[in-house]
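*Asks:* Sequences listed follow chains D and X, in order.
Residues in the first sequence are numbered consecutively from -14, following this note's numbering.
Residues in the second sequence are numbered consecutively from 52, following this note's numbering.
Everything labelled a hint here was simulated from the structure, so no lab data went into it.
Please read these numbers as outputs of a predicted model, since none were measured by experiment.
It is possible that part of the hints are untrue.
[Stated by the list, open to error] Chain D is faced by these chain X residues, among others (derived, beta-carbon under 10 Å):
no.	residue
1	Asp176
2	Gln178
3	Glu179
4	Leu181
5	Gly185
6	Arg200
7	Pro231
8	Thr240
9	Leu387
10	Lys391
11	His392
12	Glu427
13	Ala430
14	Val475
15	Arg476
[What the hints assert, rightly or not] Partial list, computed: chain X residues near chain D (C-beta under 10 Å):
no.	residue
16	Tyr175
17	Gln205
18	Arg225
19	Tyr229
20	Gly241
21	Gly396
22	Thr398
23	Thr424
24	Arg425
25	Lys444
Beta carbons are placed, not taken as given, at the ideal position from N, Cα and C, and that holds for glycine.
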Amino acid sequence: MSRTSVLLLLVISAAASITQAADPREILGAPGGHALLTGDMPAGVVAATRQSMGYQQPPPTYYQPVEFHGPEGVRFSLAQYGSFEEGESNLMAGLMIGQVYRFRVTGIPQQAGAELYPTIEMVDRTYPPPGLATSYPIPINLDQNDLIAALEGRLVTRVIYLEDPQTATPLPEGPNGPAAIDVPEYQDPLEIADLRGRTVAILRIGSLAPPRAEVLQSQFFFGHPSWAPIFKPQP
Amino acid sequence: MNAFAEMSNHLPKTSIWKHLGALLCVTVVASGCTGVPKTVPSPSPIAGKAAPQAAPVQEDALSVAPTPTPSNSIAQVGFRHRAHVGDDNWVGDSCGCASGPCANPGAACGNPMATACAPQPWQYDPQEYLCDGGDQPPSAVLTRDDRIRGLQPQDTVTHYTTEAGDIEFAASNRVCVYSPRFGNVRRITGAIQGDGAIAVSGTSRPVGPQGVDYDLPGLVMTDTVEVGQEEFTRRIDSMRDRNRGVRIESVQQPRQAADVRTVLAGIQNVGISELDESLLALIERYAVAATIWTLDESVEVAIEDLAPPVLTRDQRVDALVVYEFPGPGRLNLLKLADKKHAATGDTVTFALRLQNVGDSPVSGVVVTDNLVTRLEYVADSQTASVDAEFETKPNEANSSQLIWRLKEELAVGDSVTIEFECRVR
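Construct the complete structure from the given sequences, taking the supplied hints into account.
*Replies:* See below:
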């Protein structure tokens, strides 16, 4: 083998090693891995993707009880074929997993006449012992900051997760459920929630109002998914 | 092959064969996997944790028995390390009830219309239970300065001293209370332009294996304006120093292997009596070596005139004394809760029952209950049936560690009952 060919081989191998040398970040990897699902996806994508990947509920349908909590005076009502009833302060309802529900928030303190139409995306369910399903609903909490931010035109994303008891925060829970962990814009709330427990629902509060056009109604109400009313015993 | 052709365009020729080899290896591995029969995953994906209730859940008013559905076993990214209860129990074959909790020999498997072989896929999720008790690994041990190491939050152990002086540990059972607690992670997306909110931009939205349909109805923003500038946060990981490789002094090379083989070869030749002239030098060499290694001095023993001792064997058994040592004392620690389920803010009463089930009394009995983060000890709520010194101190889980030191020893069969209250956070 001549000297030039040896030199050529050396140059080629050196070039190959340079092209194969990876960025250190690629080797170490991001701490969160490659997130297939993120918290800023459109409403319904996370639940629908999860359903389509084999985690769907076999029929018949299970209605996961949820309970809406808000500041004093705030009333909630779920959409029923495109219309809303008057609303209750602590509304309880059974929602289907994998669906997105539009509900109405009225009676916002110091915002007379203002209405908000947030969505709740049901990602996963709970597994209570028999007979305890309605005693331990998934709490959907909205506080005053959420409502003000939404009325100002911002989008509030709340990822509700089931806390891992091993790593639960040792703080007592407030009367309106747990205090929210605020994450900055560049962080993914779904990823943070996934580190701390099992994501069950995603609440998005924006400032969108119902469309007037009949054609857009179905899109606005995400296909009018059915829900089961839960009546509380009268005191 | 398109992928390979495309790859070969971008790679130098020397690495093509390397990649081709890797590709072949991957192909072999993949084809090997196809031959593996489908196995049912473990019945409970949370087998590592103690099951609060093993009995299948009966249908309540809202849930009805589901029918088996083939499950895709691909783990969902973003839902890692989580037990997806129930879904993993599904069997991917046509029968659907071959094994697992749904196994029913009388079910008409093979008949797609048969609903009798519907499994009970959902049992429980351990994350919804608040458990306390037991001894999680590493096991608790007592150090010389009388401190317990290896005591995890939620551990409940007792240690005692047996009559032989051994310090033994006994763990209680785990007691679980259904008490799910939910958390919220909130992000408020800010930018406003004109009168409309602007969606977050610069966020990667990879398309998954199933494809993500971005044409689904959006929430607030149907007319989004992309933010031009991308915010990039460099993590601390990218600055981490990478020390790879092996230090050279730890590499050990074999030495003098050639000489050993030479010796063996020579011995074999001698053994079959085929000495020739070529071996003479070797024989001489090792003969010289043998001479060098020979010691001329030997042990010299001088025996003086000493009479040997006389051993008289005329002893016989006079009496037989049997000593019976009783077995050591052993404690049994039982933990109970007065509620099966508790909401946040509820008070749960726990009872500890300690009994000496061994053969001899034990002393220095200390019962330690390390509470989990979500259990808060209600002050002055503890009672003990015997005289005990009670102490509480904060533990690493920001909860309390409750310690009872029994003042008296515990005789065989004696039992102690301790009660205390905890508030669920």
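*Asks:* Could you run down the list of hints and mark each one as holding or not?
*Replies:* Taking the hints in turn, this is what the structure says about them:
1. Asp176: It holds, given that the least Cβ distance between Asp176(X) and chain D is near 5 Å, below 10 Å.
2. Gln178: OK, holds: Gln178(X) within 10 Å of chain D, min 6 Å.
3. Glu179: Status holds, d = 6 Å.
4. Leu181: Since the shortest Cβ distance to chain D is 5 Å, the answer is holds.
5. Gly185: violated (13 Å)
6. Arg200: violated (20 Å)
7. Pro231: holds (6 Å)
8. Thr240: holds (4 Å)
9. Leu387: violated (18 Å)
10. Lys391: Holds, about 7 Å.
11. His392: Where the cut-off is 10 Å and the nearest Cβ of chain D is about 6 Å from His392(X), the hint holds.
12. Glu427: holds (7 Å)
13. Ala430: violated (15 Å)
14. Val475: Since the shortest Cβ distance to chain D is 9 Å, the answer is holds.
15. Arg476: Check passed: Cβ of Arg476(X) comes within 5 Å of chain D, closer than 10 Å.
16. Tyr175: Constraint on Tyr175(X) satisfied, holds at 5 Å.
17. Gln205: holds (8 Å)
18. Arg225: Status violated, d = 12 Å.
19. Tyr229: holds (6 Å)
20. Gly241: holds (6 Å)
21. Gly396: holds (7 Å)
22. Thr398: violated (13 Å)
23. Thr424: Result: holds, 4 Å to nearest chain D Cβ.
24. Arg425: holds (5 Å)
25. Lys444: Check failed: Cβ of Lys444(X) comes no nearer than 15 Å to chain D, outside 10 Å.
Checked against the numbered hints given earlier, the structure breaks hints 5, 6, 9, 13, 18, 22 and 25 and satisfies all the rest.
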